[in-house]
Amino acid sequence: MGTGRNSSSQDTKQRLVDGVLEIVRQQGITAVSARSVATAAGANQALIFYHFGSVEELVAQACLSATEARVARYRDRFATVATVGELLELGREIRVAESAEGNLAVLAQTLAGAQGSQRLAEATRESLGKWITEVRAALERVLDGSPLADLADPGGLAHAVSSGFLGLTLFDTVDPDGAEQAIAALEQLAVLVDVLDGLGPVATRAVRAKLRKTGRSRLS
Numbered sequence: 001m002g003t004g005r006n007s008s009s010q011d012t013k014q015r016l017v018d019g020v021l022e023i024v025r026q027q028g029i030t031a032v033s034a035r036s037v038a039t040a041a042g043a044n045q046a047l048i049f050y051h052f053g054s055v056e057e058l059v060a061q062a063c064l065s066a067t068e069a070r071v072a073r074y075r076d077r078f079a080t081v082a083t084v085g086e087l088l089e090l091g092r093e094i095r096v097a098e099s100a101e102g103n104l105a106v107l108a109q110t111l112a113g114a115q116g117s118q119r120l121a122e123a124t125r126e127s128l129g130k131w132i133t134e135v136r137a138a139l140e141r142v143l144d145g146s147p148l149a150d151l152a153d154p155g156g157l158a159h160a161v162s163s164g165f166l167g168l169t170l171f172d173t174v175d176p177d178g179a180e181q182a183i184a185a186l187e188q189l190a191v192l193v194d195v196l197d198g199l200g201p202v203a204t205r206a207v208r209a210k211l212r213k214t215g216r217s218r219l220s
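At position 46 of the sequence shown (counting the first as 1) the number is 46 in UniProt numbering, and the numbers step up by one without a gap.
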């Protein structure tokens, strides 16, 4: 009996999560309410508060669970990236696929809602962190031994790349050509990194020394 009740409870929670995600993807976070979510999920409004405590908490948990599912889908791909160019190509693929399915819109909408909600701010930060973790691990691996390794900050770059792709999702709606130009510019930088990695040992030492000197002068 207990197993059956637990199964029914989990099913209800999942329907509520799916319901709120559908609304956020299709209509935006401003359309989310207990009534709209209950209608989308085919459930009683009271169950939202029973399972999650508030509509805000439901949105937060839905964002986190959806992001984890999407990151898990690409985790093996991140692990096989061998160059910065390959990482950006994977990023382009993810942006196209996730935008088409409305998953990046969930993050973007939650980010919008976070302006007035500490809980949604926490959920958005944690969700972005799931992507940043994968990007950072890939960057640390592909930059290892590169002349840029002593200068580049993988953590900072991972934040910049991840937040940049989220921003490009929003930019797509008003200036798709501009978004494409931004990605092309990043890919040109990736080519430069690959060229630097292909230098011989003497040239590599010279570039590394120059980059270190430039880095120190900026800090002084």
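None of these hints come from the bench; they were simulated from the model. Be careful, since some hints might not be right.
Cβ-Cβ distance ranges computed for the label pairs, FRET-style [claimed, not checked]:
#1 E122 / A184: 33 to 41 Å
#2 Q118 / E187: 35 to 43 Å
#3 D11 / D175: 23 to 31 Å
Every residue, glycine too, gets a C-beta built ideally from N, C-alpha and C.
Evaluation of the provided hints:
| no. | hint | verdict |
| --- | --- | --- |
| 1 | E122 / A184: 33 to 41 Å | 34 Å, holds |
| 2 | Q118 / E187: 35 to 43 Å | 37 Å, holds |
| 3 | D11 / D175: 23 to 31 Å | 42 Å, violated |
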